[in-house]
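Participant: One-letter residues, chain by chain:
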Amino acid sequence: MAGMRRIGQRLRGTFSWGYLFFLYLPILILPLFSFNDSYYISFPLKGFTTRWYQELSADPSILGALLTSLQIACAAAVLSTLLGLMSARALTRHRVRGEKSLLGVIMLPLVVPELIIGVSLLTMLNHASAGLGKWAVVLGHVLICYPFSVAILMSRMEGFDKSLEEASLDLGSTHWQTFRWVVLPLALPGVIASVLLTFTISFDEFLIAFFLSSNEPTLPVYIWGQLRFPKKLPSTLALGTAIIFVSFAVVAFAEWLRRRDAPKKEASQ
Amino acid sequence: MRKNSVPYWLLSPGILLVSVVLLLPLAILFVASFWGMAQGGEFDTSLTFANYQKMLERPGYATIFLRSIGISSAVTLLTIALAYPIAYYVAFDVRHRKILWLVLITLPFWTSYLLRVFAWKVILGWNGILNSGLVSLGIIDQPIGILLYNPLSVIITLSHAWATFAILPIYLSLEKIDRNLLDAASDLGDSPWRSFLRITLPLSMPGVIAAALIIFIPTVGDYITPALVGGPDGLMVSNLIQAQFGRANNWPFGAALSVVSIACVTLLALMFTAFARKLTARIH
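Those sequence lines, one after another, are chains A and B.
So this note's numbering is basically just the index in the first sequence, starting at one, shifted up by 101.
So this note's numbering is basically just the index in the second sequence, starting at one, shifted up by 4.
One chain only, chain A, in its complex shape (with noise of 0.2 Å):
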């Protein structure tokens, strides 16, 4: 019988290995071809180059799309996990009525494809003969960053230890100062994880700001329209590899962050 329990976990190790690596195939792929001195993507490799990333620095039209995506997913960053933290505090500090249902507004954006979110909100505003751009990616961002921001945060408060609250109040803190200086630093990591992954959900998005971003593009906006051109092709993937390993440490960084010394429970979040 053991001998049986062990053979089962030696094939489901085995699996999940494998299965790790078609995980990270297609993300392995892109900087190996990065590097390849040929305009086709394909087997045999022909030589190592450098030349994508060159031509990558080489064009500005590049580094406008960069700039626009890093103001709107700074921008989307710091108010979603703004939002985040006031619903956050809410719902674990407080007893709220209702609480089940408002949860369920607050992770609404999350169940509604992007797509929908999209050509609605491009009809809305359309509509409202407002003009798109930046802005209104900003808006349809924040939208879809605000339900991780609540969710970071309410796992990482959820756990905090009321009685530290109090002392601060009984000790003449007014509620302002014992959230700022008892709250907020408990919460910190929290609070930087959730901009961190805010921030790359919002630097990658592509469909909202596809339909939003008129003539300002974001950068996953011009990657698509570059996708058209085959001699743009690898050069595209050195700038796939670039932001793939910037959004890589990023998280990693974020997770570490956010599960560093949290409260126990969570090692299995």
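One or more hints might be untrue.
Sample of chain B residues facing chain A (criterion: CB under 7 Å; computed from the structure) [said to hold, decoys possible]:
hint : residue
1    : Pro11
2    : Tyr56
3    : Val126
With a cut-off of at most 25 Å between alpha-carbon atoms, the simulated DSS-like pairs for lysine-lysine come out as follows [to be verified]:
hint : chain 1 : residue 1 : chain 2 : residue 2
4    : B       : Lys125    : A       : Lys201
5    : A       : Lys332    : B       : Lys125
6    : A       : Lys147    : B       : Lys125
7    : B       : Lys102    : B       : Lys180
8    : B       : Lys282    : A       : Lys201
9    : A       : Lys147    : A       : Lys263
10   : A       : Lys333    : B       : Lys180
11   : B       : Lys282    : B       : Lys180
12   : A       : Lys333    : A       : Lys147
13   : A       : Lys263    : A       : Lys201
It is worth saying that the hints were derived from the structure and are not from the lab.
Just so we're clear, the structure is a prediction, and the values are computed from it rather than from any experiment.
Cβ coordinates follow ideal geometry from the N, Cα and C atoms, glycine included.
Once you've looked at the hints, dock chain B against the given chain A.
Facilitator: Frame of chain A; chain B shown alone:
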């Protein structure tokens, strides 16, 4: 009195955001689905059922709706079937490096969706990495043409893209299972397989159901994957909707397609949840 109102004003900006940026636009989209197009590309805001009639009368639309639902169902099944063993492995077999595994599983999800789908296009193409790799290894002499631009390539790409969303909920529900139950079953002589079928699988159903909903609902409306790897036979309803807001320039008809697809997905999700509830209730 003041103290009780604090959580409500803390929550109000977020609720306002969802109302104004999601619910209000959806309501407007619904109304717009009853509009028409006047000459010269202007909207004709008198209300009509013409858009819905058009969808019913021309058979092509029903085909695309059915295909979208079929592809998403296949993706849901495949993703869960592949995700279950790895979720089980991390929950039961991995002892010390659980967090590392979880981070490794979560990490790809945070990279650009567009780039991951694009990578699959490059891998599966006629002159792509898989074909050229197999040819240069001498395994095949001719590139295989059926890899890209069909429903199957959409299914493979989507189940790769949504893997994390299946693994995590299943893992969470497996992790919650009381290990004493399993010990008791094996003490009383149940084989591992039997105790899996009688204890672990039923108790992990909430995670499986959650995973199914999390994957099915958004994949029906996925745009990037069918557009990049689907080809004409792999087009889904979202491509049709995008075309109405783009090249075809018939926004009201696009709105009607959106409304019908939201309605279909919601209805299917509700039916699935009810069915799954009944099923798990019978097991317990």
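Participant: Which of the numbered hints are not met once you compare them with the structure shown?
Facilitator: 2, 4, 9 and 10
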